[in-house]
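Asks: Sequence:
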Amino acid sequence: MYLTGIDGKRIKMVDVLRIPGFDRQLLSVGKLAERGMSVEFQQKSCAIWNKLKAIALSKKVGKPYVFDCEKDMAHCVEYASRHMPMINKSP
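Counting from 1 along the sequence shown, just add 45 to a position and that's the residue number in the numbering used here.
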């Protein structure tokens, strides 16, 4: 999956979470942090930062924050519970 970055360039997202039967792909805030990125949440928007600058912005649509993607839409979420069901990663 590719996010559309602030500069209009494609940003490849790897190990995107996929839940069978769910029509969206999810980004894990924890996985982004493991890769040296950070996520900043505002009331109506969300930004993904690399070490130097914001690289992608989203808007809040209902409860999730939705990023523009080439393939689909991605919702930015983080699971707090260790007791969540197994999640398949997309290929």
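Any given hint could turn out to be false.
[To be verified] Mimicking SDA-like on lysine to any residue, the simulated pairs with C-alpha atoms at most 20 Å apart in a straight line are:
1. K108 / F67
2. K98 / I56
3. K105 / Q88
4. K89 / F67
5. K98 / K108
6. K57 / R69
7. K98 / L77
8. K105 / S90
9. K76 / G107
10. K96 / V74
11. K104 / Q87
12. K96 / G107
13. K57 / Q87
14. K108 / K57
15. K108 / V74
16. K98 / R69
17. K105 / S73
18. K57 / G107
19. K104 / E79
20. K89 / V59
21. K108 / S73
22. K96 / I56
23. K54 / D113
24. K76 / K98
25. K108 / K96
Just so you know, the hints here were simulated from the structure itself, not pulled from any lab data. Predicted model, so just to flag it, every value in this text is computed and none were measured.
Asks: Assess, step by step, whether the Cα of K105 is no farther than 20 Å from the Cα of S73, and give holds or violated.
Replies: The hint holds at about 16 Å.
Asks: Within 20 Å, alpha carbon to alpha carbon, are K108 and V74?
Replies: Holds, at roughly 16 Å.
Asks: K98 and K108: Cα distance at most 20 Å?
Replies: With a Cα-Cα distance of about 25 Å, the restraint between K98 and K108 is violated, given a limit of 20 Å.
Asks: Measure nothing beyond the straight line between the CA atoms of K57 and R69; if it is 20 Å or shorter, mark the hint as holding.
Replies: OK: K57 and R69 at ~16 Å, within 20 Å.
Asks: Does F67 lie within 20 Å of K108 when you go C-alpha to C-alpha?
Replies: Measuring from Cα to Cα gives roughly 16 Å; hence the hint holds.
Asks: Measure nothing beyond the straight line between the CA atoms of K96 and V74; if it is 20 Å or shorter, mark the hint as holding.
Replies: Roughly 15 Å between the alpha carbons, so the hint for K96 and V74 holds.
Asks: Within a Cα-Cα threshold of 20 Å, do K96 and I56 meet the stated pairing?
Replies: Between K96 and I56 the Cα gap is close to 15 Å, so the pair holds against 20 Å.
Asks: Check whether the Cα positions of K76 and G107 lie no farther apart than 20 Å.
Replies: violated, 24 Å
Asks: Would you mind confirming whether the straight-line C-alpha gap from K76 to K98 stays at or under 20 Å?
Replies: holds, 18 Å
Asks: Run the distance test for K108 versus K96: straight-line Cα separation, threshold 20 Å.
Replies: Given that 20 Å is the threshold and the Cα spacing comes to 27 Å, the pair is violated.
Asks: Against the 20 Å threshold, does the CA-CA distance of K89 and F67 hold or violate the hint?
Replies: violated, 24 Å
Asks: Could you grab the alpha-carbon distance between K98 and R69 and see if it respects the 20 Å cut-off?
Replies: Violated, because 26 Å separates the two Cα atoms, which is more than 20 Å.
Comparing the model with each earlier hint shows violations of hints 4, 5, 9, 12, 13, 14, 16, 18, 19, 20 and 25; every other hint is respected.
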